[in-house]
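Undergrad: Using the sequences and the hints, build the whole thing.
Protein chains in written order, with my numbering: chain A, 86 to 333; chain B, 153 to 922.
Don't take each hint at face value.
Think about it this way: if two alpha-carbon atoms lie no more than 30 Å apart in a straight line, the pair counts; the simulated BS3-like pairs of lysine-lysine are [to be verified]:
no., chain 1, residue 1, chain 2, residue 2
1, A, K171, A, K190
2, B, K736, B, K671
3, A, K164, A, K199
4, A, K199, A, K306
5, B, K891, A, K309
6, B, K659, B, K399
7, B, K872, A, K306
8, A, K290, B, K736
9, A, K190, A, K306
10, A, K286, B, K492
11, A, K275, B, K254
12, A, K286, B, K399
13, B, K872, A, K328
14, B, K847, A, K290
15, B, K897, A, K328
16, B, K671, A, K306
17, A, K272, B, K897
18, B, K358, B, K383
19, B, K812, A, K286
20, A, K328, B, K891
21, B, K376, B, K254
22, A, K286, B, K671
23, A, K286, B, K872
24, B, K399, B, K492
25, A, K290, B, K891
26, B, K872, A, K309
27, B, K628, B, K492
28, B, K628, A, K290
These are computed hints drawn from the structure, not numbers from a lab.
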Amino acid sequence: YKRLEIAVDAYFNGPPAAATPTSSSAPSTAKLNTLFDQYKDPDEADTIKVDGTLRWCEDLGIEADDVVTLALALELGSKELGTWAKKNWVDGWKRLGADSLEGMKPVLRTLSNKLASDADYFHRVYNQAFELAKAEGQRSLTIDSAQAFWEMLLPFGLRGGALSHVSSAVDGEDVDMDSTEEGFQEKHVKWWFDFLNQRGKGVTKDTWQMLYEFIRSIDSKFTKYDMEAAWPSTIDDFVEYAKTRAAQ
Amino acid sequence: MSSSASSSSNVVGGLQMPPASADLAKTWEFLEEGVDHIMTKLQTGVSYSKYMSLYTVAYNYCTSSKMHGTSDTVGMGNRTGANLMGSDLYNNLIRYFVAHLKTLRDHSDSLQDEDLLRYYGAEWDRYTTGANYINRLFTYLNRHWVKRERDEGRKNVYPVYTLALVQWRTNFFQYIQNKNTKLAGAILRLIEIQRNGDTIDQGLVKKVVDSFVSLGLDENDTNKACLDVYKEFFETPFLETTEKYYKQESEAFLAANSVSEYLKKAEERLKEEEDRVDRYLNTSTRKALVSKCEHVLIREHSDLMWDSFQSLLDFDKDEDLQRMYALLSRIPEGLEPLRKKFEEHVKNAGLTAISKLVGEGDNAESVDPKAYVDTLLEVHRKNSETVARSFRGEAGFVASLDKACREFVNRNAATGNSSTKSPELLAKHADLLLRKNNKMAEEVDLEGALNRLMVLFKYIEDKDVFQTFYTTKLSKRLIHGVSASDESEASMISKLKEACGFEYTNKLQRMFTDMSLSKDLTDSFKERMQQNHDDMDISFGVMVLGTNFWPLNPPEHGFIVPAPIQPTYERFQKYYQTKHSGRKLTWLWNYSKNEMRTNYLNQKYIFMTSSYQMAVLTQYNAAMTYSLQELEAATAISKDILGQVLALLVKAKVLINEEKEQYDLNPGFKSKKIRVNLNLPIKAEVKQESTDVLKTVDEDRKYVIQATIVRIMKARKTMKNQQLIQEVIAQISQRFSPKIPDIKKAIETLLEKDYIERVEGTRDTFAYVA
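TA: In structure tokens form, the structure reads like this:
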């Protein structure tokens, strides 16, 4: 057990070379199968469903709506909210290098840190979250579910730096390093929600995906926005809304 | 010159002709006397025999093979005898010319200006005439010695005539010129005198100027004209003084006169200078002179002209505009500011005219279509005349006119922010023209009016709106039978087709086809009924109209076919189904009409009614009074429409409505006319029309934009947002001007429907999804 802990530490703290655990500390498939079965659905032996997920989260000591669950969904190939296929789950954990609840906890912390600060990783998790949030057979999200997921993701990414502002300086243009332009801020998330509720239409996949690009590139005054660029009209309208609100 | 009289046949003039073997001194003595005679006293005449003997002596000397010890002034090296003979004569000729010109020089010293020119001109004539003779005298020398020398590369040896000119240039012309350019200066002063309005001896100027041209010499080919002397000694200073003169004159003139006056002046001056070239300058000067004058007279004052253009337009100064156009068209970029100002001017004229019209009507909503069209046309007519008359129909001004018209025709005080108002008004005007009983009954006028309407149509941006309104209006004209003439309708459609293509008028043409098919159908149905039934006391006409081509909607409520027409209704239905099985007939009761004979009154009237009115009135065949509810049940017409139908009948006093929701037949109905038209439009219908049309347009547009995007993306596979938008605008703008937000919405719809997708890793590139 002690050796496992050392191995896990080595995996997460050490250089990438340590990512391949030695055979002695390799997570045990048998242990993972056993652990999976504790949470499996009574009717479908190869699936953990929402009930099992809730219990599992509790055992892991996290809230069910912790943003890290979205990262886990990506890592463990979950295609539906709160639903986990056994094979993907076991394979995923073997990749992550944990085969017990205690072993999983530090992995969650690491994933959480990575999600907060690694922009590319955040982007992948973000795009995948649309599929999780979508009801089956629907093309777009209801405002409520979109809002729930954004509440998990956006403030988290903004605080951690994964959604930090990227200056829109074009290639070849001199970037003034002294002027640190401010970008999209947490309060704007609320504006976005207010706007959507006032507008009262669903959220398309395109709007979901482009919002990520928008948040990273827009300045806090919403001045560097090109209405004729390829933004979805929802975002066009939001900029109008935000400009008015910023002026008040 | 020596002269000794003799009468021998060998003796010519003063000297005896030397023998063929005579030495140089003797020979030249004889020749020089003759040469001098020719050069200075030609007017006294030279006899043929004298001329021949001179020629012979020159010939003999050149052909003699003896060696004469002579000097070698021309600087040739070792020569054969014949060569030396030639150079002997040549050098002596030079000496003669030099001496001769010295005397002219001395004489010219005291002369100035015109006197100098006269002297120079006279001597030039004499000299060149003489030199011509001398040249022929020494033909043999030219042909042999001179030619060989030149062939061997000694280009400073010339044929005798050219030699004379070269000598004139060096020893006389340059001598005078060197004194403060006395010669050219004298010409320039004369030209200035002429520019100041006095008469000068143009022949004299021409002669002297021509001498400058003659004095130019191409070293390689003496026969070739060369303008270097002319250019250096005359043209360059001439252009300089010209510039100075007109700079000073134009500034002074403008300080004292209006721009209009100046335009005249400049035009005259330019013409004068061109004439000057024709009169006495070498034509090669034309280009430089004209461009110099254009620069000084036009370019230098173009700002001022541009500035006063507006006021010329404002006061319709056609002639001045013509002049300004003509002048500014001569300099590069001279017209561009005018075109811009003209465009602005036309635009403002259009906007002002419409504002005035709207102001009079006091309400932008109720603008009269005819007044609107007439106002727009008047602005167009006036300004297109200006383009034709003052700007010679120049393409740039035509473009300015078109641009301005497109602007004010689509956006003005009557349209407000609506891009559909103008096409609507135009379509309404077309409807008024094409209706029966319009004021422009005469054929010629109507055709002219339609043509004028097309002038404006060209400028309409939202041609699809016009199309939709036009279609609606046309359908009304056709189903109500109020079209003025088929010929005019066809003429208008062919105009629209010419302007927008087959697709644009396809529906319209189908409507006419339906009309004529319906006529045949009615006739054949009638025929069939006459054969089969004898109870046909109803005369029945029908129009079967293709759902896709006619902007007509069936009633939203039900309709119980009234009993009296029930048999006809069923028979037609059956007849049609046997003729065209599988086709669905939808009865547009809301567009149908009837004529009914009254039998319940002393006087027999004919009521012209809508089918709804007919459905109500036929109920009264059974009873004198009905409640609203009963009528609703009997006809199935919706309550609000039925209410309006009844209101009209009550207003016409056919029905009486004394108690609430109860309607009695009025037994005392009276009318002055036998035919009573009860079929008046229902208010709701009229109002709804415009909004319906616009809704249709909006829907059509969404579809058109999406279809266009798909077509483009299918061809291009991937495309950047910006390019895609540009391309869509380019492809659609013939029909209407798509708005960018609408295009973006269409893109979104297509993204959602998976017709296209964003290219991964890009924000602004789309790909076609096959």
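Undergrad: Holds or violated: B:K897 with A:K328, Cα cutoff 30 Å?
TA: holds (21 Å)
Undergrad: Run the distance test for A:K171 versus A:K190: straight-line Cα separation, threshold 30 Å.
TA: This hinted pair holds, its Cα atoms lying about 19 Å apart.
Undergrad: Verify the proposed pairing of A:K164 with A:K199, using a straight-line Cα cut of 30 Å.
TA: Holds, at about 21 Å.
Undergrad: Hint check: B:K872 vs A:K309, CA-CA at most 30 Å. Holds or violated?
TA: holds (20 Å)
Undergrad: Quick one, are B:K671 and A:K306 close enough, alpha carbons at most 30 Å?
TA: At roughly 68 Å apart (the allowed maximum being 30 Å), A:K306 and B:K671 break the hint.
Undergrad: Holds or violated: A:K290 with B:K736, Cα cutoff 30 Å?
TA: violated (43 Å)
Undergrad: Between the alpha carbons of B:K847 and A:K290, is the straight-line distance 30 Å or under?
TA: holds (29 Å)
Undergrad: Taking only the CA atoms, is the gap from A:K290 to B:K891 under or equal to 30 Å?
TA: holds (24 Å)
Undergrad: Does B:K399 lie within 30 Å of A:K286 when you go C-alpha to C-alpha?
TA: violated (73 Å)
Undergrad: What's the verdict on B:K872 and A:K306, does the C-alpha distance respect the 30 Å limit or exceed it?
TA: Between B:K872 and A:K306 the Cα gap is close to 27 Å, so the pair holds against 30 Å.
Undergrad: Take a quick look at whether A:K328 and B:K891 sit within 30 Å of each other, Cα to Cα.
TA: holds (22 Å)
Undergrad: Check whether the Cα positions of B:K399 and B:K492 lie no farther apart than 30 Å.
TA: holds (28 Å)
Checked against the numbered hints given earlier, this structure breaks hints 6, 8, 9, 10, 11, 12, 16, 19, 22, 27, 28; the rest are met.
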